[in-house]
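Whenever a hint applies, use it, and build me the whole structure from the sequences.
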Amino acid sequence: MIAVDRLIACALGELTGEAADEVEEHVLSCGACAATYASFVRLGPAIRSLVRDGDAMLPATSALVEAVDAAGLVTRRYVLTPGAIVPCTVDAADIFSLATYEGIDLAGVSRLDVIRAGTRIADVPFDARAGRLYMLSSAKTLRSLPTIKLPIRLVAVESAGERTIAEVTLDHAAFEPPNA
Amino acid sequence: MSIAAQAPGASDDARADAALARRVMEGDPAAESELCRRLMPRVHAWGMKHTGDEVAALDLGQQVLMTVLEALRDRRVVEIDRLGAYVFGVCKRSLLALRSGERRRAELLDRFGMSLVGFDEIAQTAPDRRRLATCFERLAPRSRTVLALSFFADRSADEIACELDTSAGNVRVLRHRALEQLRTCMEGAS
Chain A
1 MIAVDRLIAC
11 ALGELTGEAA
21 DEVEEHVLSC
31 GACAATYASF
41 VRLGPAIRSL
51 VRDGDAMLPA
61 TSALVEAVDA
71 AGLVTRRYVL
81 TPGAIVPCTV
91 DAADIFSLAT
101 YEGIDLAGVS
111 RLDVIRAGTR
121 IADVPFDARA
131 GRLYMLSSAK
141 TLRSLPTIKL
151 PIRLVAVESA
161 GERTIAEVTL
171 DHAAFEPPNA
Chain B
1 MSIAAQAPGA
11 SDDARADAAL
21 ARRVMEGDPA
31 AESELCRRLM
41 PRVHAWGMKH
51 TGDEVAALDL
61 GQQVLMTVLE
71 ALRDRRVVEI
81 DRLGAYVFGV
91 CKRSLLALRS
101 GERRRAELLD
111 RFGMSLVGFD
121 EIAQTAPDRR
131 RLATCFERLA
141 PRSRTVLALS
151 FFADRSADEI
161 ACELDTSAGN
171 VRVLRHRALE
181 QLRTCMEGAS
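Residue numbers (the numbering used here), protein chains in the order written: chain A, 1 to 180; chain B, 1 to 190.
Mixed in with the good hints there might be a few duds.
[Claimed, not checked] Simulated coverage check for chain B against chain A, where a stretch passes if three residues somewhere in it have a Cβ under 8 Å from a Cβ of chain A:
id, stretch
1, 33 to 46
2, 133 to 147
[As the list claims (entries may be wrong)] One side of the interface only, derived from the structure: several residues of chain A facing chain B at Cβ under 8 Å:
id, residue
3, 24
4, 28
5, 37
6, 44
7, 57
8, 61
9, 123
10, 124
Keep in mind the hints are simulated off the structure, nothing from the lab. Computed from a predicted model, the values in this text were never measured in an experiment. We put the CB at the ideal spot given by N, CA and C, even for glycine.
Here you go:
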């Protein structure tokens, strides 16, 4: 057997030359390692397909938003500023709904949690310099929501405790199927 | 050569492969089929990495196995206890040949086709989508972002590190952990 970490590195193309050859030669001599290696080789395309089909909720960065948008997958956008109550909905054609949190002071924040209707999403990536946070929500998930007001709180987690950065509310109107 | 004379540290798989290879050299058709059954998933995994395509990897796998069987029959494999190394060399040469279109495919299929039936299911083992979606949702938010940036946005570890204001090494560690968590979850172990 070979260390899983080396199989992953090789599958991702992080190894080159002799290091890659050593792992690949082993994979061709070991059924168990080959099966593990195959799993990792297959996961990349599977993840790409998962995102392309809008089957994931993604805390995003500007580069990810750019890529998803360029693929034509961002079909609905909302800008959320502190204190805002934002009407929102979803329809049958939607793939991803992009929520951009703007105008928030993220200077000095090292960890940011999003608490949405009581559920905590811990340690989301954010753009501190621009004061922005992006969330890509799967329309498939949003279509299952009832009409509801969703309170959202952004919380900086610091050594001294937690500090609320912003609070917004999504005023969600439930999906209505075209033939309803 | 007896099993006791195998290369030091040889794995059980390598020992079993070598034993089968010796039977192939003696002209045992059952050993050819068994050796192909054992080697095909490994060669296919290697081929998936290098071609990025399930069907092309299967095609490559068949080419590699035919070449290996031919070499064994002709007793051209010198280090039979290091069959994996030999297969690796054939893989690399076959990939080059496949890419440049220099194939002896029809001739080899005619000679060895019977040992190569029943491998289509290997190319039909893509991860279960529903399970993948569930497992993906269980990952930490930052891990999901890193995987999406890596595999959907095709960003390098350096580029992702810039986006997340961290080091490329940290991105690689996060990506490795996330992939291992996904694999474990996909196998139903957690």
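A quick look at each hint next to the structure:
1. 33 to 46: holds (count 8)
2. 133 to 147: The restraint on the stretch 133 to 147 of chain B holds, since 9 of its residues have a Cβ under 8 Å from chain A and three suffice.
3. 24: 6 Å, holds
4. 28: It holds, given that the least Cβ distance between residue 28 of chain A and chain B is near 5 Å, below 8 Å.
5. 37: Hint holds; residue 37 of chain A Cβ to chain B Cβ min 5 Å, cut 8 Å.
6. 44: Nearest chain B Cβ about 5 Å off; hint holds.
7. 57: Hint on residue 57 of chain A: holds, closest Cβ of chain B at ~7 Å, below 8 Å.
8. 61: Holds, about 4 Å.
9. 123: 6 Å, holds
10. 124: Holds: closest Cβ of chain B sits about 5 Å from residue 124 of chain A, inside 8 Å.
Of the numbered hints stated above, none is contradicted by the structure.
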